[in-house]
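**Student:** Residue-level listing of the chains:
There are 2 protein chains.
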Amino acid sequence: MVRKLPRAALLAAIAALPFTSITAAATPQQGSGVAWDIVEGLTTEIGPRIAGSEAEARARAWADAKLKVLGFSNVKIEPFKANVWQRGPEHAKLTAPYQQPLAITALGFSVPTPADGLKADMVYFPTLAALEAAPQGSLKGKVAFVDHAMRRAQDGSGYGPYGNVRRKGPSIAAQKGAAGIVIRSAGTDSHRNPHTGATAWAEGVTPIPAGAVSNPDADLIARIAERGKPMQIDMTLMGKPNPGAPSGNVVAELPGRDPSLPIVLVACHLDSWDLGTGAIDDASGCAIVTAAALAAQKDGKTLRTIRVLWSGNEEMGMNGQGGGTHYAEMHGDEPHAVAMESDFGADNVWQVKNNFAPTNKALADKINAALWPMGIVPHPGETEGGADVGAIIAKQKLAVVDLGQDGMHYFDLHHTPDDTLDKVDPATLQQNVDAWTAVLKVIANEPGEIAEGVGG
Amino acid sequence: MVRKLPRAALLAAIAALPFTSITAAATPQQGSGVAWDIVEGLTTEIGPRIAGSEAEARARAWADAKLKVLGFSNVKIEPFKANVWQRGPEHAKLTAPYQQPLAITALGFSVPTPADGLKADMVYFPTLAALEAAPQGSLKGKVAFVDHAMRRAQDGSGYGPYGNVRRKGPSIAAQKGAAGIVIRSAGTDSHRNPHTGATAWAEGVTPIPAGAVSNPDADLIARIAERGKPMQIDMTLMGKPNPGAPSGNVVAELPGRDPSLPIVLVACHLDSWDLGTGAIDDASGCAIVTAAALAAQKDGKTLRTIRVLWSGNEEMGMNGQGGGTHYAEMHGDEPHAVAMESDFGADNVWQVKNNFAPTNKALADKINAALWPMGIVPHPGETEGGADVGAIIAKQKLAVVDLGQDGMHYFDLHHTPDDTLDKVDPATLQQNVDAWTAVLKVIANEPGEIAEGVGG
Ligand SMILES: [Zn+2]
Ligand SMILES: [Zn+2]
Ligand SMILES: [Zn+2]
Ligand SMILES: [Zn+2]
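Order-wise, the sequence lines are chains A and B. Residue numbering for the first sequence follows my numbering, starting at 1 and increasing by one per position. Residue numbering for the second sequence follows my numbering, starting at 1 and increasing by one per position.
Chain A with its partners taken away, still in its complex shape (with noise of 0.2 Å):
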């Protein structure tokens, strides 16, 4: 029996429209501004997007699109081919000690089980340097399991370390002669949402296939590991490479006063992981350092011209192949000031570090000045640009300066399926929006000559 539902005239009216613009979301997530927009667009009009594909391309369009809306000049697409990879349906579950199903996502760059699955035992490694250690030949025909503990850190910096799990760990387990290889996700959430991310084959190396389960899982084949008795594993990862695939680069310019002087270059990634729609990974980037060009010219135009770059296949350009390369085999004879790069979340900023040349402490002082209202800490340390600036900075010699977000929750997301709108908060968006307009305003208004970079 079905009771009957109260009902409102209201509701009734309502509900004869095919659609409305009453939503009853469980999880409201509001912002406004064009930071907001562009997040808000991205995940929600085109959504996952990886590289090489047609959802890549279609977001190529809608940048563009949306770029010449909000008074961008110059805006160009630039295409580049790349050797990327695609995912295929995966899956997998302990068959023994215990039948378990495993949350399980293949690594960028595996290859493909048998169609019918990987049967094979499955041997439990506690750390990467473990598996180092195993004897040559120790693996023959088994899957390797390596298991980790990364930590959150506001700097990110766990993600070095433990991310070579993932991008090591699959050539040292090939080596080792193993069959397969199933990391634990380099990441610090607790939910049944596995990390990807791409593995870098070693030089002569014969490509396995290589997975990640979610940190539960992970969880569980240690405690059965802990119980001492064989596993085996039955499983199949179908991703495969996607060689020669079309990408391409979005390149913006905010035209400055004086255009003969060198530029400053703001730069984000496109692609996305495929899992998720690629809120935090990185169409905040691309919001953060659009809204901030836009803002910095708000009041008239900066000396210096703004130019931003949403970089096509960040996230499988290693390598060479990537849009930070292809942006400094275009671009790598214009005169370039200094490169900026926001591609690690929609958390605040916390922290300032640059490399300027001794010449230029003066611009050093006025950026630490200009950020310190905000509470936004100096720090010595080398600066890192990031893989869309990376090729133009080395290039070029660069001065770099990072703006560095918080990133104790980062890598609860980092390239799971959970990387959506909801985990983005308009609040801190905005706050590194003003962060980055606040550093703009001053180095695209810098008269005197910006030196190389030094250091890194």
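What the hints contain is simulated information worked out from the structure, not anything from laboratory work. Glycine residues also receive a C-beta, built at the ideal position from the N, C-alpha and C atoms.
Have a look at the derived ranges for each label pair, beta carbon to beta carbon:
no., chain 1, residue 1, chain 2, residue 2, range
1, A, 79, B, 319, 58 to 64 Å
2, A, 116, B, 382, 51 to 57 Å
3, A, 116, B, 141, 32 to 38 Å
4, B, 447, A, 230, 50 to 56 Å
5, A, 97, B, 71, 21 to 27 Å
6, B, 334, A, 141, 52 to 58 Å
Output of the computed footprint for chain A on chain B, the stretches with three or more beta carbons under 8 Å from beta carbons of chain A:
no., stretch
7, 43 to 52
8, 100 to 107
9, 191 to 202
10, 213 to 223
11, 416 to 430
Since the structure of chain A is provided, determine the placement of chain B with the ligands on it from the hints.
**Tutor:** Same frame as chain A, but now just chain B with the ligands:
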């Protein structure tokens, strides 16, 4: 190139062993004691155990062995058959106005879509009432999407009304001629993990495919609906009824000093949904009632026998097909004094209710006094008992004590893949055991008559 990582002799020694007792979990969660041991064991050694499955049968054997090891008497598996449901492959995507994959799961008792997907226009309804108000026939060939706005509540009171979207929404949509229905999950989290759960087909309704999307996906659909563009979905939900499947209860006793006195029944359910490992729903309940029964007799037998019921097929046991009904059929002629159930996770007990007759006021006072030092508040509302004890309560008009648990986070996890061991806090699990033990010590040692319960 793969950089050689430093390696220690110790690690080399470890790696030479196929398995090791050293694990490196990123999300360590440890516990001890009987209750933890049960939750850890069931989730690790059995995992998902949907009613009617071979996994549920393994869980019964596990429970039988465990209860014997723990020292229970008269441990019995009491098999029965039930019309249940089994999951099949499932996936869905929006195909218009934007292409977006959706994190979807079928509701229990959904019928299958065509194997190559149900492709249809999708109509947005902000509430269940709006769906109900839709004109008859207006949904012909379409998929209804029903949104809502479930919020957290300490007493879990949102689940009744918002759970109705799942329980009743599919029947209402089918009555309007819909080809299928998708609902916002009845859950309070923001992860890409949809919440499953059974729907109840109203009499005379021809079942349709019915699924739930995660909250972030429902947010996306709501944003798209607000744009006013027609939506289309392509969904494949292959789950189907599984009639006459084997299930069963596991019953065990700790005999009291006076076997002639009516017994105290404490219950939980052994089956779980298949998406997670049933840690909070309801391995924790079985752990709590079982550990508390043992603790109540730690210093010697209680006056009355305490019987433990680990029920089968709670999740799909409405309409008289569940373990609670079977228990009442098997044991309805044996005198019971009080029935209690634990099926709301492992968060703290904060509230206590009873339905004692006025003649048992002294008993009620004693229970409230025993819980008082733990900060547990007496509440005058009606008792609920629960699905596993409902039939025996109805049959014998039993007295009931409800220990109300904090439900602020329960519906983040309920019926999702995220219902895993790491979500159980050993400290609050033990607080439950302590509260239950305090109550059982009073009730199972009550020498006077415990009268029929009142109200409800
Ligand atoms: Zn990124
Ligand atoms: Zn990334
Ligand atoms: Zn339950
Ligand atoms: Zn349940």
